[in-house]
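A.B. asks: Note that the numbering used here gives residue 216 to position 216 of the sequence shown, counting from 1, and the numbers run on in steps of one.
Treat the hints as calculated values from the structure; they're not laboratory data. Keep in mind that this is a model prediction, so the values were computed, not measured. Check before you lean on any hint, since a few could be wrong.
Said to hold, decoys possible - Taking lysine-lysine pairs in the DSSO-like style, the calculated list, with each CA pair at most 30 angstroms apart, reads:
no., residue 1, residue 2
1, K186, K150
2, K115, K150
3, K206, K112
4, K130, K115
5, K186, K206
6, K112, K130
7, K112, K150
8, K186, K130
9, K186, K115
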Amino acid sequence: MTLCASTTLRLRTGGSLLLRRGKSTAVLGALPSSEPVASSRAPVRRVWERSDVQAVFDQPLLELVFQAANVHRQHHDPRRIQLCTLMNIKEGGCSEDCAYCSQSSRYETHSKASKLEDLDIVLEEARRAKANGSTRFCMGAAWREVGGRKRGFTRILEMVREIRGMGMEVCTTLGMLTAEQAQQLKEAGLSAYNHNLDTSREYYGKVITSRTYEDRLSTIAHVRDAGIAVCSGGILGLGEDESDRVGLIWEMSRLPEPPESFPVNALVAIPGTPMEGQAPVTFQEMLRTVSTARIVLPTSIVRIAAGRHLFSESEQAMLFLAGANAIFTGHRMLTTPTSSWDEDKALLARWGLSGMNSFETPRMAAEEAARPTHARAADAPTSPFPFRAKSIAL
Numbered sequence: 001m002t003l004c005a006s007t008t009l010r011l012r013t014g015g016s017l018l019l020r021r022g023k024s025t026a027v028l029g030a031l032p033s034s035e036p037v038a039s040s041r042a043p044v045r046r047v048w049e050r051s052d053v054q055a056v057f058d059q060p061l062l063e064l065v066f067q068a069a070n071v072h073r074q075h076h077d078p079r080r081i082q083l084c085t086l087m088n089i090k091e092g093g094c095s096e097d098c099a100y101c102s103q104s105s106r107y108e109t110h111s112k113a114s115k116l117e118d119l120d121i122v123l124e125e126a127r128r129a130k131a132n133g134s135t136r137f138c139m140g141a142a143w144r145e146v147g148g149r150k151r152g153f154t155r156i157l158e159m160v161r162e163i164r165g166m167g168m169e170v171c172t173t174l175g176m177l178t179a180e181q182a183q184q185l186k187e188a189g190l191s192a193y194n195h196n197l198d199t200s201r202e203y204y205g206k207v208i209t210s211r212t213y214e215d216r217l218s219t220i221a222h223v224r225d226a227g228i229a230v231c232s233g234g235i236l237g238l239g240e241d242e243s244d245r246v247g248l249i250w251e252m253s254r255l256p257e258p259p260e261s262f263p264v265n266a267l268v269a270i271p272g273t274p275m276e277g278q279a280p281v282t283f284q285e286m287l288r289t290v291s292t293a294r295i296v297l298p299t300s301i302v303r304i305a306a307g308r309h310l311f312s313e314s315e316q317a318m319l320f321l322a323g324a325n326a327i328f329t330g331h332r333m334l335t336t337p338t339s340s341w342d343e344d345k346a347l348l349a350r351w352g353l354s355g356m357n358s359f360e361t362p363r364m365a366a367e368e369a370a371r372p373t374h375a376r377a378a379d380a381p382t383s384p385f386p387f388r389a390k391s392i393a394l
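Start from the sequences, fold in the hints, and give me the full structure.
C.D. replies: Dropping the structure here:
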């Protein structure tokens, strides 16, 4: 018996046997292949109980990584990593009270309120990112919601159109959206929209009070209904316990469609915020969460986001082994550090990894193919890394 994909993983009596922390129970399985193992059939989506997710999470760490690596190879090419660049196009001055965020107007931090960037400046940054191998360009604005910002939103729609025309995947994170605004972003060519749930439903109110969990789910629904890929994840290190990390992943598994990508952030404690005294997340905590997410969300991109600089190169490689397959690279995240393009290219090369092309994943490829011919990017960038083409059925 081989214990592998989440679609066949059974946790109840009579199912496949799982190791648990503190228990000496054996598991039969095969070592992960060095080559991707592609399924010939579309994956059957599993309905997860929260207790089942907890059981996966609670396994001894190396056994959990082993299983996650197997699942990863069934649904993804384990040698391919998506390179994304994030630009803060409107910093600070946000009215929200997110306790971790330096951009809240309620806290005295290093972030100062700025106006929305001009189109030309943003396009210049997107071109630089593309030239350095990034294939997804993300733009963040420190707003509670788009609301009535008609002129600013019109400018952002133009940014989306222009960057999509460069042959890049485009993502934005702009706060809460209406259904109409989501549709406008879709028509402009937006590939994905980021709107994190941050943590479990139970712990959420201890981190944010100015926006409800249901508000976040409503925006995610508008994005999904418009046909835009959902990028939604959370933050580790907010003072939550392990059950909250399980709760976050379980909430993602309950969405009508699995998120296209699941970002995992490690809190970077910012002086001046209520979270400034939080202890850093350990590597083991990050690895356990990434591994569980990979098993429960087998087709999603698992994205290592803020706080990656807190982990060593070998620790990052372990995260890739466990199923992480996207990183942010370039100058910085919104207000926190990240590695440079050159550093990340060298890191990937040392571990035998390479960057994805734009529209490489099945979801993005299908979305690009569905666009009108005149709207498709004629010059979609290729990765600066060596790549041997391989068909991976998802």
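A.B. asks: Which numbered hints does this structure break?
C.D. replies: Of the numbered hints given earlier, the structure breaks just one, which is hint 5.
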